[in-house]
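Chemist: Bring the two chains, given one by one in their own frames, into a single complex with the hints.
In order, the protein sequence lines correspond to chains A and B. Each residue of the first sequence is one higher than the one before, counting from 1 in this note's numbering. Each residue of the second sequence is one higher than the one before, counting from 1 in this note's numbering.
Worth flagging that the hints you see were computed from the coordinates, not collected in a lab. Wrong hints could be hidden among the right ones.
[Said to hold, decoys possible] Which bits of chain A does chain B cover? Going by a derived footprint, with three or more residues having C-beta under 8 Å, they are:
1. 27-40
2. 83-93
[Claimed, not checked] Restricting the straight-line Cα-Cα distance to at most 20 Å, the calculated cross-link-like pairs of lysine to aspartate or glutamate (DMTMM-like) are:
3. B:68 - B:57
4. A:1 - B:14
5. A:42 - B:102
Cβ atoms here follow ideal geometry from the backbone N, Cα and C, with glycine treated the same way.
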Amino acid sequence: KQEVTQIPAALSVPEGENLVLNCSFTDSAIYNLQWFRQDPGKGLTSLLLIQSSQREQTSGRLNASLDKSSGRSTLYIAASQPGDSATYLCAVINYGQNFVFGPGTRLSVLP
Amino acid sequence: DAGVIQSPRHEVTEMGQEVTLRCKPISGHNSLFWYRQTMMRGLELLIYFNNNVPIDDSGMPEDRFSAKMPNASFSTLKIQPSEPRDSAVYFCASSFRPGSTEAFFGQGTRLTVV
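For reference, chain B alone in the conformation it holds in the complex (with noise of 0.2 Å):
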């Protein structure tokens, strides 16, 4: 298995342009968790899905922000229009391979809004 996957690793936009991130978790697992990490304020969720709906977005910051699941090999994260302060690395994870709980993250993709 190829573990979760990302895309883009690095993403540098301007200020108001729209972002797309990417991910593709593991086959099999039924939940999927969109994270936020910055040095001020550690892993935040964003949002996770199980079973390709949406169960939790209270930690979307703003309307700014939306996700989707269309199937279950992927999901997006979009932010429109960016802004400096979006700037941070973003983590995929999923998890519930039935009989077990453990999450397994993607290597996250940089974004860096100026």
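Isolated chain A, as found in the complex (with noise of 0.2 Å):
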């Protein structure tokens, strides 16, 4: 059973700083990886879909990187900005086309 682990649950830093977000997952038999945003009270938004052939993806600040080998996904975000606080969700699609999620990351960014 694919499951997905994201570290850290939480994390602070003042704006400006570079930060990273780690997404491990158990079954690396994986067809897509997908990074999501969610404010407090709100659904989920689609940050940056990596498909299992590609190694990263870049969406402005953003840039996710996928080693399916090791399992591991990685969200980067450059010179954070206090608009950028929201929990950060990844989810591995699995060849059945179901999403299994992380727990999410918290992040705060202080102005």
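Modeler: Okay, here's the thing in structure tokens:
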């Protein structure tokens, strides 16, 4: 059974810092991996989708990498801003198209 | 595209009552997922459909929960009878426009059972 973990559980940084969020999964036979952002009381917003054949994806200040063999993905946020404060979740997509979510990293960026 | 649409946004009901949550997926998507989110357990997959057919309902907590997808543009999640421990945010998501498995989530239904 696929299990997804995320480290750290919570992170507080001053504005402007570069930071890395980690996601690990136990079964490397995944189809894709997707990073989401969730603001308090809101739904999930898709940030980046990395297909299994890709090593990384970039969108603006966000860069996500994927290492299937080691069961890891990282989300890099450059020059963090207070508006980046949210919970970040990674989800692995199995070949059955089922999404398995990690518990999330709660990020606070202090002005 | 309006995205995944869920209704109602909030629902407060008394224990023992029937609750029906509704979801309209993004047009062209052929997979639909129902998730439940709580502080204690995070996001849990309840059931997912592919081409309107339930593929995996192993996450449905018990017989009180049922889900249907009568056509490609509509799904319901029903709880009967509801219990206080069912209080959570229920999300619907859709995915798999051909060539992409990116999932898009609705805004969720916050259910409170008193």
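Chemist: For the pair supplied as a hint, residue 68 (chain B) and residue 57 (chain B), confirm whether the alpha-carbon distance does not exceed 20 Å.
Modeler: 11 Å, holds
Chemist: Has the given pair, residue 1 (chain A) with residue 14 (chain B), been kept, meaning a C-alpha gap of at most 20 Å?
Modeler: Violated, because 36 Å separates the two Cα atoms, which is more than 20 Å.
Chemist: Has the given pair, residue 42 (chain A) with residue 102 (chain B), been kept, meaning a C-alpha gap of at most 20 Å?
Modeler: 19 Å, holds
Chemist: Cut-off 8 Å, C-beta pairs, minimum 3 residues; does the coverage of the segment 27-40 of chain A by chain B stand?
Modeler: Since 4 is at least three, the answer is holds.
Chemist: How does the coverage statement for the segment 83-93 of chain A fare against chain B, requiring three or more residues with Cβ below 8 Å from a Cβ of that chain?
Modeler: Since 3 is at least three, the answer is holds.
Violated hint for the displayed structure: number 4, the only one.
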